[in-house]
Amino acid sequence: MSLLHASTAFVAAFLASLVECVEALTIVLAVGATRGWRPALLGAAASAIFLVILVAIFGPALGRVPITTLQLIVGILLLLFGIRWLRKAILRAARVIATHDEAKIYAEETALMRSAGGASTRAHFDTIAFLACFKAVTLEGLEVSFTVIAIGAGGSLLVASLGAALAAVLVIMLGFVLHRPLSRVPENTLKFTVGIMLTAFGIFWIGEGLALPWPGEDLALLAMIALLLLFSALAVRIARSRARTTAPS
Amino acid sequence: MNALRIALAELWGLFVEDATLTIGTLICVALAAFVIPRVGIGAQWRGPLFFLAIVVMLLENVYRGARRP
Numbered sequence: 001m002s003l004l005h006a007s008t009a010f011v012a013a014f015l016a017s018l019v020e021c022v023e024a025l026t027i028v029l030a031v032g033a034t035r036g037w038r039p040a041l042l043g044a045a046a047s048a049i050f051l052v053i054l055v056a057i058f059g060p061a062l063g064r065v066p067i068t069t070l071q072l073i074v075g076i077l078l079l080l081f082g083i084r085w086l087r088k089a090i091l092r093a094a095r096v097i098a099t100h101d102e103a104k105i106y107a108e109e110t111a112l113m114r115s116a117g118g119a120s121t122r123a124h125f126d127t128i129a130f131l132a133c134f135k136a137v138t139l140e141g142l143e144v145s146f147t148v149i150a151i152g153a154g155g156s157l158l159v160a161s162l163g164a165a166l167a168a169v170l171v172i173m174l175g176f177v178l179h180r181p182l183s184r185v186p187e188n189t190l191k192f193t194v195g196i197m198l199t200a201f202g203i204f205w206i207g208e209g210l211a212l213p214w215p216g217e218d219l220a221l222l223a224m225i226a227l228l229l230l231f232s233a234l235a236v237r238i239a240r241s242r243a244r245t246t247a248p249s
Numbered sequence: 001m002n003a004l005r006i007a008l009a010e011l012w013g014l015f016v017e018d019a020t021l022t023i024g025t026l027i028c029v030a031l032a033a034f035v036i037p038r039v040g041i042g043a044q045w046r047g048p049l050f051f052l053a054i055v056v057m058l059l060e061n062v063y064r065g066a067r068r069p
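From first to last, the protein sequence lines stand for chains G and W. Residues 1 to 249, numbered by this note's numbering, are exactly what the first sequence covers, in order. Residues 1 to 69, numbered by this note's numbering, are exactly what the second sequence covers, in order.
If you are wondering where the hints come from, they were derived from the structure by calculation, not from laboratory data. It is possible that part of the hints are untrue.
To give a feel for the contact side, a few chain W residues facing chain G, derived at Cβ under 8 Å [what the hints assert, rightly or not]:
| hint | residue |
| --- | --- |
| 1 | ALA43 |
| 2 | PRO48 |
| 3 | TYR63 |
| 4 | ALA66 |
Derived lysine to any residue pairs resembling SDA-like cross-links, with alpha carbons at most 25 Å apart [to be verified]:
| hint | chain 1 | residue 1 | chain 2 | residue 2 |
| --- | --- | --- | --- | --- |
| 5 | G | LYS135 | G | ARG114 |
| 6 | G | LYS104 | W | GLU17 |
| 7 | G | LYS104 | G | ARG92 |
| 8 | G | LYS104 | W | GLU10 |
| 9 | G | LYS135 | G | ASP218 |
| 10 | G | LYS135 | W | GLY13 |
| 11 | G | LYS135 | W | PRO48 |
| 12 | G | LYS135 | W | ALA7 |
| 13 | G | LYS135 | W | LEU4 |
| 14 | G | LYS135 | W | LEU11 |
| 15 | G | LYS135 | G | ARG95 |
| 16 | G | LYS104 | W | ILE6 |
| 17 | G | LYS135 | G | LEU170 |
| 18 | G | LYS135 | W | LEU8 |
| 19 | G | LYS135 | W | LEU14 |
| 20 | G | LYS104 | G | LEU77 |
| 21 | G | LYS135 | W | VAL35 |
| 22 | G | LYS135 | W | ASN2 |
| 23 | G | LYS135 | W | ALA33 |
| 24 | G | LYS135 | G | GLU217 |
| 25 | G | LYS135 | W | TRP12 |
| 26 | G | LYS135 | W | GLU10 |
| 27 | G | LYS135 | W | ARG5 |
| 28 | G | LYS135 | G | ARG38 |
| 29 | G | LYS135 | W | ILE6 |
| 30 | G | LYS135 | G | ILE53 |
If you want the ones that stay clear, here's a sample from chain G, every Cβ over 12 Å from chain W, calculated [what the hints assert, rightly or not]:
| hint | residue |
| --- | --- |
| 31 | ALA33 |
| 32 | THR34 |
| 33 | LEU62 |
| 34 | LYS104 |
| 35 | ALA111 |
| 36 | LEU112 |
| 37 | PHE125 |
| 38 | THR147 |
| 39 | GLY155 |
| 40 | ALA165 |
Don't be surprised by glycine CBs; every beta carbon is placed ideally from N, CA and C.
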């Protein structure tokens with residue numbers, strides 16, 4: 001594994017995890033502020049334990065899969081995952097679809113939790129708050145786990161895990177300090193960047209799995225990221241112009 | 001059972017959002033695996049050609065997806 005590959009894996013895992021952790025934090029904060037912090041934090045902690053168990057069960061099993069098969073399968077999943085993010089980020093940047101709004105999601109979740117009833121008391125544990133946080137952290141955490149495993153499939157699992165851990169610690173610390181959703185995080189720009197990186201990693205792994213030679217070997221990854229950035233900027237212009245010409249007058 | 005169904009739906013949603021994008025991506029992978037190596041293209045061009053196929057498919061998908069109803 002080259003330094004270039006390791007640093008790209010670290011940045012990709014860090015940015016992807018940052019996006020997911022911000023989304024999970026919004027829900028935990030909304031639930032905690034309206035229903036109480038105990039069930040919200042317990043739900044988040046239970047989910048973290050559940051994810052660790054899942055990774056501990058399925059992680060070692062991946063080591064038994066032949067490397068080329070693993071690269072091909074992980075590459076296909078990573079490409080499907082990354083290109084979905086990239087397409088959405090392009091359409092959002094072109095204002096064809098609405099951008100993700102953490103403040104709006106926080107307000108909606110807060111209203112939902114207030115209307116749900118059955119809040120925590122000394123005698124009654126708030127199951128709704130616990131499950132809401134468990135579900136949110138598990139769903140976002142599954143995306144983080146998948147991204148880290150997929151990006152790290154070529155021997156950079158440790159650096160990818162470090163990138164994800166750093167993002168999680170950063171978001172948790174900011175959540176503790178601010179006590180409100182991180183709505184100023186430029187989420188679509190992050191998703192745009194991560195979508196490009198994951199798509200490039202996916203294409204690279206598929207090529208490795210199918211024994212398609214890459215000119216420049218690991219450097220091809222960097223070239224693909226640069227080219228995807230150019231083509232995505234072109235795609236934003238195309239989408240914007242297309243939306244304008246087909247808009248009902 | 002309901003929770004399992006929701007979990008599977010969420011898992012599916014991680015990879016599939018626009019069916020044509022998913023199918024297009026899988027067709028590109030199939031081309032790279034079965035067609036490109038058999039049509040006499042030089043080995044050094046196979047990877048870049050696969051990359052180009054993905055880019056073209058993405059641009060076409062975005063162009064179609066940007067159409068206002």
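Going down the list of hints, with the structure as the test:
no.: 1; hint: ALA43; result: holds (5 Å)
no.: 2; hint: PRO48; result: holds (7 Å)
no.: 3; hint: TYR63; result: holds (6 Å)
no.: 4; hint: ALA66; result: holds (4 Å)
no.: 5; hint: LYS135/G <-> ARG114/G; result: holds (18 Å)
no.: 6; hint: LYS104/G <-> GLU17/W; result: holds (22 Å)
no.: 7; hint: LYS104/G <-> ARG92/G; result: holds (16 Å)
no.: 8; hint: LYS104/G <-> GLU10/W; result: holds (22 Å)
no.: 9; hint: LYS135/G <-> ASP218/G; result: violated (38 Å)
no.: 10; hint: LYS135/G <-> GLY13/W; result: holds (15 Å)
no.: 11; hint: LYS135/G <-> PRO48/W; result: violated (40 Å)
no.: 12; hint: LYS135/G <-> ALA7/W; result: holds (9 Å)
no.: 13; hint: LYS135/G <-> LEU4/W; result: holds (12 Å)
no.: 14; hint: LYS135/G <-> LEU11/W; result: holds (13 Å)
no.: 15; hint: LYS135/G <-> ARG95/G; result: violated (30 Å)
no.: 16; hint: LYS104/G <-> ILE6/W; result: holds (24 Å)
no.: 17; hint: LYS135/G <-> LEU170/G; result: holds (21 Å)
no.: 18; hint: LYS135/G <-> LEU8/W; result: holds (13 Å)
no.: 19; hint: LYS135/G <-> LEU14/W; result: holds (15 Å)
no.: 20; hint: LYS104/G <-> LEU77/G; result: violated (30 Å)
no.: 21; hint: LYS135/G <-> VAL35/W; result: violated (43 Å)
no.: 22; hint: LYS135/G <-> ASN2/W; result: holds (13 Å)
no.: 23; hint: LYS135/G <-> ALA33/W; result: violated (38 Å)
no.: 24; hint: LYS135/G <-> GLU217/G; result: violated (40 Å)
no.: 25; hint: LYS135/G <-> TRP12/W; result: holds (16 Å)
no.: 26; hint: LYS135/G <-> GLU10/W; result: holds (11 Å)
no.: 27; hint: LYS135/G <-> ARG5/W; result: holds (13 Å)
no.: 28; hint: LYS135/G <-> ARG38/G; result: holds (16 Å)
no.: 29; hint: LYS135/G <-> ILE6/W; result: holds (10 Å)
no.: 30; hint: LYS135/G <-> ILE53/G; result: holds (16 Å)
no.: 31; hint: ALA33; result: holds (25 Å)
no.: 32; hint: THR34; result: holds (23 Å)
no.: 33; hint: LEU62; result: holds (17 Å)
no.: 34; hint: LYS104; result: holds (20 Å)
no.: 35; hint: ALA111; result: holds (22 Å)
no.: 36; hint: LEU112; result: holds (16 Å)
no.: 37; hint: PHE125; result: holds (19 Å)
no.: 38; hint: THR147; result: violated (10 Å)
no.: 39; hint: GLY155; result: holds (20 Å)
no.: 40; hint: ALA165; result: holds (21 Å)
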